[in-house]
Structure formats: structure tokens, C-alpha cells
Amino acid sequence: MSKQNAIQLKGVNKTFDGFRALAYADFTARWGEVHALLGENGAGKSSLMNIVAGLYGPEGGSLFIDDNPVKLRGPKEAAKLGIGMVHQHFKLVTPFTVAENILLNLGHIQTSGLYRERLRRVSDDIRAMADRIGFDIDPDAPIHQLSIAEQQRVEILKVLLAGAKVLILDEPTAVLTEEEAERLLTTVRGFAREGAAVILVTHKMNDVLRYADQVTIMRGGRTITSLRPDSVSVDELVRLTVGESTTNADQPSANRTPGEPYLRVSDLTSTGGRRALNGLDLTLNRGEIYGIAGVGGNGQSELANALMGIPEPVQGEMEIIGEGYLADLDADRRRVLGIASIPADRYGSALAGPLSIADNFALGDIHSGRYGPFWYLKTRAIEADAAEAVRQFDVQGVRSLKQKAALLSGGNAQKLVIAREFSRPPRLVLAHSPSRGLDVKATEAVRERLRAARDDGAAVLLISEDLDEVMAMADRIGVMSAGRIVAEFSQPADRQAIGQAMVNHV
Amino acid sequence: MNRRYTLEVRQQMAWPWQALILTVSLILGLLISGAILVWAGVPAGELLNEFVFLTLFDAQSLKAVLFQASPLIMVGLAGCLAFRAKFWNLGLEGQMIFGAIGATAITMWEIGSPAMRLPLMIIAAMVCGLLWSVAPVLLRLKLQVNEIVSTLMLNYIAINFLLHLMYGAWKDPKDAFPYSPKYESFELLPDLANGLSLSIPIAIGTALLVLWFVGISRGGLYLRFVDKSPQVARAVGVPVARTILLAVLFSGALAGLAGLMVAAGQEGRLTHSFYVGYGFSGILIAFLARNNPIAATCAALLIATLFVAGRSLQVFYQIPFAMVQLIQAVLVICVASSDFFIRHRIRRVQVGD
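If you read the protein sequences in the order shown, they are chains A and B. Counting from 65, one number per residue, gives the positions in the first sequence under our numbering. Counting from 669, one number per residue, gives the positions in the second sequence under our numbering.
By construction, these hints were calculated from the structure, which means they are not laboratory data. C-beta atoms are modelled at their ideal positions from N, C-alpha and C, and glycine is treated no differently. Please note: incorrect hints may appear among the correct ones.
Beyond 10 Å from chain B on every Cβ pair, some chain A residues (computed) [unchecked claim]:
#: 1; residue: Arg274
#: 2; residue: Arg350
#: 3; residue: Asp394
#: 4; residue: Arg398
#: 5; residue: Ser405
#: 6; residue: Ser413
#: 7; residue: Gly417
#: 8; residue: Asp423
#: 9; residue: Pro437
#: 10; residue: Tyr440
#: 11; residue: Thr443
#: 12; residue: Ala448
Computed cross-link-like contacts, DSBU-like style, restricted to lysine-lysine with a CA-CA straight-line distance of at most 30 Å [to be verified]:
#: 13; chain 1: A; residue 1: Lys155; chain 2: B; residue 2: Lys850
#: 14; chain 1: B; residue 1: Lys810; chain 2: B; residue 2: Lys731
#: 15; chain 1: A; residue 1: Lys442; chain 2: B; residue 2: Lys896
#: 16; chain 1: A; residue 1: Lys442; chain 2: A; residue 2: Lys468
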């Protein structure tokens, strides 16, 4: 069977506010293949795919679908031509049910009939499609009751039912555990085998190596090359993506002597309806990184919230030994003690996007009076400290300290968060998925900071759904399942055993 | 070559451009208002004369504008503060009324020596305005009661309580109208040497104070977080509830002071003159100014000019005063629409064939 081109882009440009996101990018995906689009954060992958999906209009260049030149006037038109995109940040109306969300997207197909009738038909279609591709989804479940992985399945069902033959998945595995990712990628490879075109936007080398038939590599808004992943070595792929070789992280040493216990959590239990946390016990020592591994949705977010002081209904004790209970500490006391929080949701709970870098940075040490009394802010002192931190923590893309934090890319935003949280020497570091969505270099920079804090005697808690990250970073590993720590491992830990503990208790 | 227009969301726009767009939209609004006035019977040639020359270049009228502007500046600033805390204080009018009632209480009960009378009235006005905003802000913070409803309803209570006093206990027995007795001369906001009321420097000083608070105090930084990202604010250790409380109480106190400016600066007694809608003009001014204290001062001057010019139009051309409110509305719609151009960029793209 000769493979025809499903999607072809030639010489596409796109600028945002003077920033060149795409420069003469070319891209071709054929029917029947899983095509990976690989690149670091900010390489232009999402922009390119948003053009295919009709969300952005290209500036110059041309787009062909099925070898016919087309001009898309919007995402609806793209959907009519069989293009469906699952975005990294899901576009679901959370209080609505699965069926309602999917019906909302079928405007161009289902237009006749009473609403109830259409909803029923859609529910039947959902069940049929879900059965066929092995998804377990209840059409009547409200979106907010679903886990991230389930929401992603809803997004996929949504575009499939809208008649997508070209399926674009933007960073689909970023939010998934290893097992979930494997399941998903196996399923989408099935679609490709049935003749569809699947485009996988990713920065994970493993996804590319294991599931892609073809890979296009992007860097700095340009498409560098397109090749078969098995035709080159991994090192070569990394080199093409990053543009230079990166150093490998060394494994944590086995013979590290942990310090005194610093944080003791006992019998932490959710008081809300769902027992997301269910009698969790854990002790964290000074001078160690304690990694919490586990399948997503086993109470990690709730634990992180409770520890970071983000409102979360829990009972039980979280004691900083010698200082008191975490729940009794207000913001300034937490800062004085050197508690650094790096939440998973950067723009939801760490940085105010519309505010300046200086403003966001200032909060790190504002309570101490270093930046003046309540009625006067020493703006110069803030800017001097912020400038120093930006330099020290290598936050890139800062044209001015007055620029909005939202203009920073993911990795640089994370570096800014860490710079702020570490503006006083940290004694307790709480990090939740600190390298989620970051590229290789930024990830390494973030990890290096956490290791440095540990080496300076801080107690570091690393909650991550990425087992590789936990394995590479943690001195001790706790496996979280159904709201508690079910097993603990010391380094060198057996990956297989940890994986077993993660799934056995689900 | 095929051309078409696309719309893009802007990340950030330099402030001179924002100011330009705002100015253009205001001019457009004034042109539309001018057209409406011409249609209503004002000779086109006289418009510029009425509005610009006779109002702003005549010393007497200019004083009237400044005089009219000071309570408007105060309520406008009060609006800016509350709205920055994401607290939709629609109760500025009620807080003004209670400010005026508080000041009048001092005069009725003759508290303090004549020299101390006016300072006491100022304090009483601020405290009463503040107290009238305590209930809605606490209800909102403790029980999540919607402040739009609670502040609005409290306005009606305030107005009816004012009427109760005017027709009852505080009615001037020497007057047929429901007014309080006239203030003593030392209970009035005095004129400065050149005939300008003291309320003008107070208003400008307050604008600078508010600018200080929102611009270069720690409270202002907290307020920016509460305004732009309340969820982040809570997570990163901004004392959200305390910040909202502070901003709203500050707002209430300023509205109370505005009430004093109307009573002790303009009327010389307590009347029901608040019916002209000062409170709502305050909301409008804060909106026109995008909660910026300096812009609010300018917007208040603009609205005051409208008030003064509107009154002369009323006298000379029998144009109803409602026309002034219509013009206000046109300006607001124009400025609100200009927001679109600040948030978006229209680009012409060439799609090559």
C-alpha cells in the first residue's frame, strides 16, 4: 500500500507579538503512520499543530490535506476535513457530562432532533466507540469526577466521534503514568494501523522510540529533519533535539547518611467525601530527598496541597519537628522557617501570570521586612534581588523585570518559582512534579537545585508521577497508593519492585 | 495574492498605546454625544463654546467644575480601591449617605469646640462610611454572601434612613423642605484664599495617597495579587482576606468623606441631594479609569465638566438633565469597546497561492 500524504505544510511562518514562533517550517505526515513531532519546550511544535487544527492562521506558506491545498478559516473547518486535536490543556466544560461535552463538539454533524434525543444518540455512539477502542468511559459522568487520564480519553473520543482521521495529540503522556501512557500509545498506534494518521507532539524520547514510525524534529521554530526513529541512535536524536550534548544525571549515592527527622506526617486523612488521603504516615529527614512515586490520582495532589498550605480538607498531623504543626503556621512563619513550595500547577498556584516578574519574586521574602515596612516597598531592593536571582537561577527570556510572568516559557517560569522559594536558604522543600512539561536542560537545572538544597541539609520531599525522576533523584522512595504510603525503598532500589508496589495496591 | 484580516490576542500592550486608544475612544464618545445634543436642538456651533470655552476657560465655571469634581474624585477613588480587591462595591452611595449622616450628627449634637468641629465631622464621616461597608465585606469573607446584592440593598436602607431623618428628628423646623438645619459657618469646608474650596486639595491629596497605597506599599502588591490571580495569591502566602478587608474599609471611608464634601462643601446641610447618583458615577469613574487613581481623578473632572455644562444646557436650551446621564453612558460604552482593541490585534495577512 502506497502511503499518501495526510497533512503537508510548506514554508509556514508565524509570529506572536514580534516573537517568531515558526520560521519556514515544513512538515509531512502520511496516512497509516504514527508521526512524532519532537522538540524542546518552545520549539514551535504546538504552534505548528495549532495551524493544522485551524486555530491559528499561518503567515505565508501553505497547507495541504490529502494533497489538496486548503485554507482553514477556523477549527470547525479543520474538523470537517477530518482533523482532530487533543490539546495539552483539555478543552472540557467541567460541570457538564461526557456526553454533553462531546455533543457540544458535534455541531457540524448532529444538527437535527430534540436535545434529549441527540444526547441519547451521542451516548450510544460514545459507548460503541469506547468499546471498540477499549476505553472505559461512562457517558453520563460529569467531567470533574474523572481523572486526568479519563479526561484525556474523553478528548480523544470527542475528536474521533467528530470524524477525525488525522489525530493530533499534544504532549499526551505529560500527565499520564507509565502504564497509562503505554495503554494510550498502544491504542493510538492501533488507529494508525487502521489507516488514520496520528501526530504525536512530544518531548519524550521514549515515546518516540517505542511508538513512532516517523519523527520530525523541531528546534527554534524550524523543522530540522524528518527521519525514521530506528535509523539513528538515541544520542543522535537527543543531539538533534537539544542542539548540543547534555550531561547525564548521576544516580544518587547509596551510602548517604540521612540527618535527623524534620517532617513527620501521621494519619493524614481527607475529610471530604472521597478518601483521597487515607491515613498517610511519612517521616522526612534532613539532608535527604524522599521521593513519592505512584500512579496518578492516588492522593498525591491532596498531599501536596495539604503540605503546601493550599486549602484542602484533611485531618491528622503534619509536624515540623521542634517548630510546631504545619497547619498552624501562617505564610510569614513558613517563610521564616525556610519552607519552599514548588507546586505542580505553576500558573494556578505559584505565579501570577498577569503580574511582573519582580512582583512575583518579591513575595518570597516580603514578610521579613527586607523590602520595607507595610506602607512602603523598596522597589529597588526587590529589583536588585530579582535581577540577581534571575542571573543565578538562569531564568531565560527576561527582557525586563517588569514584564509579565506569563510571558516566560514553562521551564523559565519554574526556575523563577524556585528562585523565589529559595530566596532564603530552604530547610524544607516540597516539590510536586517539578519538571513536568520542561525540556531536558531545564529539567536538569531544576533537579540540580533540589540536589543542592539536599546537600546543604534541607529535607526535600519530591512528589512525582514520573518514576524515572523519582529513581534518579530520591535517596529514599515511598510508593503511594490509595491515599497512603504502601511501601518504602532505599537506594539502590529495584525499579521492578517499585513498579509492582505501585500497581498491586490500586 | 489573497488578503484577509485575522484577529489575534495580544499579550501585552505598551501603555502609551493604551492611553492613545483610550483617548481616541473618549473623543469618539464625545463626538457621538455632540451629535445627540445637536439632534436635541443645541446649535452645532454653540457646542464647543458651551462645553469647552464657557466651562473650562471661564474662571467661575472652572471653579464650579473643580468644586463639583471633588466628591466625584472621592467616590471614584473609593470605587478603584474596592474593585481592585475584586469586591464589587455598589454601595458607594449608601456609604456616602452614612458619611454625611455621621458628619451631620456632630453638628446636630454640637460635639466639640467650634475649632474642633470640622475635623471631628471629617473623622465621623470616614468612620460612618467605613462602618456601612463592614457588614457586606464580613458577610462576603465569612459566608461568601454576594457583595453585589448586599451593598446594593444597603443603599436602599441608607436612603430610606436618610429620608426618615429628614422628615423626622433632624428636619429643620424653619424650612418647609425636608432638610436638616443649616450648618454653622465653622462647620462648612472653608474656601482657600483664591476662592477654591478646601475639598479640592483634600481630593487631590487623597488621590495621591491612594496612588501611594496601590503603587508603592506592600498592601498594593498584595492587592495586585488579589486582583489578578486570587487563587495564586492564597497559595503563595498573600493574606487575601485581610487585604480585601483593608481595601474595602478604605473604600468605605473615602465614600463617607465624599458624603461630607457634598453636605459640608456644597449643600451646607444634609439634604436628599444624593439622589443625583453620585455613587453610580463613582462606579463609572473607576471603570473609565480602569481603577487607576490618577486616571480616576481625570475621569471625575470630565464627569464634573459634563455636570456643569449639563446644567447650563438645561437653563439655555431646555435640555433635560437626563441628557447628561445619556452622555455618561455613551462614554462608558465607547471606553468599554476600546478594551477590545487593547486586548486584540487586527492584522492583515497575505495568504500566498
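A quick look at each hint next to the structure:
1. Arg274: Fine: 37 Å to the nearest Cβ keeps arginine 274(A) off the interface.
2. Arg350: 23 Å, holds
3. Asp394: 8 Å, violated
4. Arg398: Since the minimum Cβ distance to chain B is about 7 Å, arginine 398(A) lies within 10 Å and the statement is violated.
5. Ser405: Its Cβ does come within 10 Å of chain B, the nearest being 8 Å, so this is violated.
6. Ser413: 4 Å, violated
7. Gly417: 7 Å, violated
8. Asp423: 6 Å, violated
9. Pro437: 8 Å, violated
10. Tyr440: With a cut-off of 10 Å, tyrosine 440(A) comes too close to chain B, as the shortest Cβ separation is near 6 Å.
11. Thr443: Not fine: 7 Å to the nearest Cβ puts threonine 443(A) too close to chain B.
12. Ala448: 16 Å, holds
13. Lys155(A) <-> Lys850(B): With a Cα-Cα distance of about 64 Å, the restraint between lysine 155(A) and lysine 850(B) is violated, given a limit of 30 Å.
14. Lys810(B) <-> Lys731(B): 45 Å, violated
15. Lys442(A) <-> Lys896(B): 22 Å, holds
16. Lys442(A) <-> Lys468(A): 20 Å, holds
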